[in-house]
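Dock chains X, Y, G and V with the ligands against chain F, hints included.
Protein sequences, first through last, are from chains F, X, Y, G and V.
Position one of the first sequence corresponds to residue 1305 (this note's numbering), numbered consecutively onward.
Position one of the second sequence corresponds to residue 1305 (this note's numbering), numbered consecutively onward.
Position one of the third sequence corresponds to residue -11 (this note's numbering), numbered consecutively onward.
Position one of the fourth sequence corresponds to residue -11 (this note's numbering), numbered consecutively onward.
Position one of the fifth sequence corresponds to residue 1192 (this note's numbering), numbered consecutively onward.
Quick caveat, the hints were computed from the structure, so don't treat them as lab data.
Cβ atoms here follow ideal geometry from the backbone N, Cα and C, with glycine treated the same way.
Keep in mind that a hint or two might mislead.
Derived list of chain X stretches under chain F, where covered just means 3 residues or more per stretch with a C-beta under 8 Å from a C-beta of chain F [as the list claims (entries may be wrong)]: (1) 1321 to 1327; (2) 1416 to 1422.
Between beta-carbon pairs, the in silico distance windows are [stated by the list, open to error]: (3) Y/L37 - F/P1315: 42 to 52 Å; (4) V/P1382 - Y/L193: 56 to 66 Å; (5) G/L40 - Y/L37: 28 to 38 Å; (6) F/R1378 - X/D1354: 42 to 52 Å; (7) Y/F31 - F/E1510: 55 to 65 Å; (8) Y/R123 - X/G1401: 18 to 28 Å; (9) G/T77 - Y/L18: 51 to 61 Å; (10) G/L40 - V/A1280: 49 to 59 Å; (11) X/P1476 - F/G1628: 33 to 43 Å; (12) V/P1367 - G/T9: 50 to 60 Å.
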Amino acid sequence: MLQVTLHHKLPGFTLDAAFDSPPGVTSIFGHSGAGKTSIVNAVAGLLRPDVGRIVLDGTVLTDTKAGIMVPAHRRRIGYVFQDGRLFPHLTVRGNLGYGARFAPRGAPGPDVAAVVDLLGIGALLDRRPGLLSGGERARVAIGRALMSRPRLLILDEPMAALDAARRAEILPWLERLRDQLGVPMLHISHDIADVARLATTLVLLENGRVRRAGPLAEVLADAGAATGLDPGDIGAVLSGHIAAPDSDGDDGLTRIATPAGDLLVGGIPGPPGQAVRLRVRAQDVIIAEGSLGRTSALNVLPAVVAAIEPAPPMVLVTLDLPGGGRLLARITQRSVDHLGLAPGRQVHAMIKSAALG
Amino acid sequence: MLQVTLHHKLPGFTLDAAFDSPPGVTSIFGHSGAGKTSIVNAVAGLLRPDVGRIVLDGTVLTDTKAGIMVPAHRRRIGYVFQDGRLFPHLTVRGNLGYGARFAPRGAPGPDVAAVVDLLGIGALLDRRPGLLSGGERARVAIGRALMSRPRLLILDEPMAALDAARRAEILPWLERLRDQLGVPMLHISHDIADVARLATTLVLLENGRVRRAGPLAEVLADAGAATGLDPGDIGAVLSGHIAAPDSDGDDGLTRIATPAGDLLVGGIPGPPGQAVRLRVRAQDVIIAEGSLGRTSALNVLPAVVAAIEPAPPMVLVTLDLPGGGRLLARITQRSVDHLGLAPGRQVHAMIKSAALG
Amino acid sequence: MTGWLPPEAWTALALSLRVSTVATVMSLPLALACALALARGRFIGRGALDGLVHLPLILPPVVTGYLLLLAFGRRGPIGAWLEQTLGITLAFRWTGAALAAAIMGFPLMVRAMRLAIEAVDPRLEAAAATLGAPRPWVLATVTLPLILPGILAGAVLAFAKAMGEFGATITFVSNIPGETRTLPSAIYTALQIPGQEVAVARMALVSVAVALLAVAVSDRLSRAVARRIAGN
Amino acid sequence: MTGWLPPEAWTALALSLRVSTVATVMSLPLALACALALARGRFIGRGALDGLVHLPLILPPVVTGYLLLLAFGRRGPIGAWLEQTLGITLAFRWTGAALAAAIMGFPLMVRAMRLAIEAVDPRLEAAAATLGAPRPWVLATVTLPLILPGILAGAVLAFAKAMGEFGATITFVSNIPGETRTLPSAIYTALQIPGQEVAVARMALVSVAVALLAVAVSDRLSRAVARRIAGN
Amino acid sequence: ADITIFAAASLKTALDKATAAWQAAHDDKIVVSYAGSPQLARQIQQGAPADIFISAAPEWMDTLAGDKLIDPASRRDLLGNTLVLVAPAADGAPVELTSKDALTGRLGADGKLAMALVDSVPAGVYGKEALTHLGLWDGVEARVAQAENVRAALALVAQGEAPLGIVYATDAHAEPKVTTVATFPEDSHAPIIYPAALVTHDGAAAKPEAASFLDQLTTGPARADLGAEGFVVLPSPAPAAKP
Ligand SMILES: Nc1ncnc2c1ncn2[C@@H]1O[C@H](COP(=O)(O)OP(=O)(O)OP(=O)(O)O)[C@@H](O)[C@H]1O
Ligand SMILES: Nc1ncnc2c1ncn2[C@@H]1O[C@H](COP(=O)(O)OP(=O)(O)OP(=O)(O)O)[C@@H](O)[C@H]1O
Ligand code: MOO
Ligand SMILES: [Mg+2]
Ligand SMILES: [Mg+2]
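Bound conformation, chain F alone (with noise of 0.2 Å):
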């Protein structure tokens, strides 16, 4: 549990920000300027925040009122740097070396080995940082703060430099380090699916204002947060777990129980009863009237229109399922028109499953 409160003044910039992040994965997103890395810094020691009281599972770390500041290299913060901060001196085995350096010796976490072979570094354990292209030094970086077995894992944009492939491959892994390891992590990212795949806790941050924080889901289906997101982002969360292997045969979908109905997810593998989380963007929602032809999307929820509100160009929707859990569905005032959506009307959802792998 990290609680932070802060409180800095920047030539013609003012952070002023307060939030908790509960065990897990907590995203900040926000505008370029709005001050996450400033945030981030100030946790990890590197900033001494005019006034600020931050504290990591009980222990106070900064606390300009009490005169508290522990050294950077006491708080057992990792750290992945925006601007990468790879030692130019050392090859990338000597970086990741470092990192392990001063892990303390019985924490949890992975070893040398299996970073290298997460972050597909291997090939490069003897060059120095110089000869790496943008996204080997974006990969080595975050293999280097793993090392170091953190408490708390700051991860300040790590992928932007990295391409879709190998997003899709460092994501699980993350994945695991929280749900296996349960290191908690501080995260920020443009990529609103990266942080719906890793965040417990959203926080969305404006002009060095905390605009909302809260439960993933929650923030993600708060139309009134919308504004803060790219309209293609918003969506909802559906909690699940996987079940059974499906009769039907091994045509590599999942079945993804959930409240509300099972879905037919593609590529998501783990054993039966694994908890899931699987967003599904307002984007990729159709609505449909009771009577449907058959069509290749697998997944169709009946649904109840809680609310319909703008958000131009389009309107965004907002369905209740039965079982529990809500979804958006953006689509046109046209088609809201068409067919005759109001508040209460008894709808279909059609999800797509390769809109959810």
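Quick look at chains X, Y, G and V with the ligands alone, frame taken from chain F:
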């Protein structure tokens, strides 16, 4: 027109690439470490290839056989670097001015005010780069390169550090640069959405080699090339033009006429007749049988199944549109079985308006 | 105050200040050029230039002074040429003292600048080139401002050295009161006489005070420059 | 070869090499500490330390030598203490020559190191801190390797200076053959005799050759280091 | 035992011969430290391990005597020297020191008169004294280029940088590139004397070898070596020149 032939050996990596870049925007797309930055460095004159020839609009810039290597400052190639490289001793204004200093007097291009306005950096003008956030730095770097009014603009992941809102703001302007001033661009991005909007030509790079290069639509719709792409990025591009304003009233939708039929799309402003390109992600296409219920998906096009190829854990269905053009749909094997899809089968392709924005 | 030091000591101080300032200022451009050539150049004779620049550091100062006398004296090839074509006389003049001081400080100045140049990120220079800036312009507008702290450090080292230089100066231009008797020459003279310890100490104190002031000012300046660049 | 230079000149060369090497090596740690303190420290007395470090540059060497004689001579407070408690005699010994050379080269060494330290990106040090490294460890494993070229540059400057140092040395430890008669002292001695120009020139040449070799080697080394770091 | 001699640098040639001769006949090793007299005297004040001090001027010997650092009984005036006016060898016409403008005429419009430091280095002090005595000082004062030591002044003349210089006869003798154009009368300046003495350390008696070497210097065959370099070999045993 840019012609590039390169062969260059680095310890542990060999670049062996050749492609032509017709007027417009050529995007280079490939994994981290594939050699993208190395290629554009050679084009900019910052890397002397072991063997190679680079010709821009008939001017030979590099020709190792003929011993030609035009120095970087005479190439008039603007470069937005992956690592920023703002001048730390100059203010933002100074950095922009530096770009303008050697711009040829008569060359077309935006002035400082326009650039500042576009990039939202008015408040930063008197600050030094050391005081900027990551995204602010990226924006200034773009501005600086634009100010030099280059014959070719290289963008090496220019928007990796930008949030969606800022991206959405800058992209149209890069499009305008491309369309109105005809500034050719060589563009590197991990985000296929940006690529799809900007690029006319796509070069897929794999491990230092060009795997596929050609017009954007062709390469994107090539299921064979798809291994180089993120599954979510595969799709088709439909060309069309803005049709007369829709009689249905001013609900923010735009009607795009394509040879295959009209599509309703959210938020594409423009005068009737203006050419537009729509990327339709395979993931956003639903295949439906003849009779359809009423849904919120406004766009339904008749189509014929042309091919079905596996793309685990899904399959890719290529759809021929009657008026010409193709669509790709990424659906589950289970749906293929359900619907009994096979080449030659008449179906409908359903696309949400929201997915086309 | 004038009684505290004999009037000739004040004359010597004024001369030392003039000599050191002129030596520092005049050698700056050449030192910068040498530092650039050594840090960035790839030419034949680079090693020789490097050696030449270091010579005054390695040779005992009297030897340097003697070589200066041979080359720049009235009968020396360069000295005679300078006198005839440009009307510049160095022998027995304060200008000669400035030359000696400049040469003795040269290796220090070049080294400091060179270290600073080598620390400049060449990627910034490449960025400037892509913006159309020719090499000399890049040097003037990117490299130079970035090495300002190094230039200041080099200049202050050379100035301090010039304030203390004695061996080469007296050998080359002798000790002519009001013309070439710098503060160190005056100090040396006093040291030769028994019982002059107090005068020596006072003059040394003045010399040290001046040089330290220069050091302090340049340090403050270069810190300010560095801070502006780092942005905090 | 032995005929080319008189045997005592070879003795003087050997002594100069020993003195210069010892002076350089022994002053490295202290110079590094001073450079770190001056570049990164924020303490009272920083200005005083800065001044003290520069003193040997500013003072005429004979004055420095005289001060050394007063402090480190047999009768000097520090000299007497060193001799009684640690059994180290500096006065009129080659060790004293090494001390003089070390002190004369000290400002050069510190400056070079300090410039290098100031060019190190503090963000890298911050990164090391977040990995759990305490400050001294960060210095040893991040700062130090990054300033290696600066350390080398400083060391070679000091070595070159030591090879040429004369004024302070002869004043402090005299000119005793085989013990304190370094090559520059030998050159000075030879200069006292008219007609010894050839011998002087030969000795100067040897001295210069040695120092230039050191300069060349250190340059090559520091370039190699810099190239490895830059990665091209 | 070893004998350490601290000797004025200008004695090098002469003394090297004398010590070589002594070592050929004795087991004792002699080391000579040549430097400026003031430097050597200060070092002896600070406890330098010198057994014999030979100064280029009496005043530093006086200083050490005042500090009780030399054995007064051993003090003797070893050598004398003559002050001469030299010119480059190519321009060797004699100069008449009695004529008021003899020097200025020879110096020309802006020629310098090379001397050692006139206020501190003995050769310079003697020279100034002589010129003053001859009534020439006021005429040339502004034209004097003062060198660090007498050898440097000599070099200025040898190189042709200065048309005239005032040096010791021994210097003129050793430098073929200069000619003596006048000799200063003995009575125009205080006698030029190189005193020598045994150094005592904290009242301890001097080494007997050192004493015998010093005696040998003043009485033995070494006198010939010294004289060959142009020094005036003073009558031996010389009376102490203490006023
Ligand atoms: N100077 C060099 N020496 C050796 N290898 C190098 C050098 N420069 C780059 N490389 C290697 O060449 C390959 C291509 O690098 P490049 O920077 O072109 O990749 P990229 O496609 O831009 O990657 P990214 O998307 O991560 O920026 C990488 O494997 C990199 O490690
Ligand atoms: N030392 C400083 N002095 C003045 N302003 C600063 C300083 N550091 C940062 N800023 C400003 O504070 C604001 C917040 O910066 P911060 O780096 O925290 O933003 P960010 O949210 O991380 O942005 P990005 O997504 O672009 O990295 C920016 O406007 C930036 O220009
Ligand atoms: O070292 Mo010197 O003796 O005059 O500078
Ligand atoms: Mg940031
Ligand atoms: Mg790259």
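Tested hints:
no., hint, result
1, 1321 to 1327, "violated (count 0)"
2, 1416 to 1422, "violated (count 0)"
3, Y/L37 - F/P1315: 42 to 52 Å, "45 Å, holds"
4, V/P1382 - Y/L193: 56 to 66 Å, "38 Å, violated"
5, G/L40 - Y/L37: 28 to 38 Å, "34 Å, holds"
6, F/R1378 - X/D1354: 42 to 52 Å, "50 Å, holds"
7, Y/F31 - F/E1510: 55 to 65 Å, "56 Å, holds"
8, Y/R123 - X/G1401: 18 to 28 Å, "19 Å, holds"
9, G/T77 - Y/L18: 51 to 61 Å, "45 Å, violated"
10, G/L40 - V/A1280: 49 to 59 Å, "50 Å, holds"
11, X/P1476 - F/G1628: 33 to 43 Å, "41 Å, holds"
12, V/P1367 - G/T9: 50 to 60 Å, "40 Å, violated"
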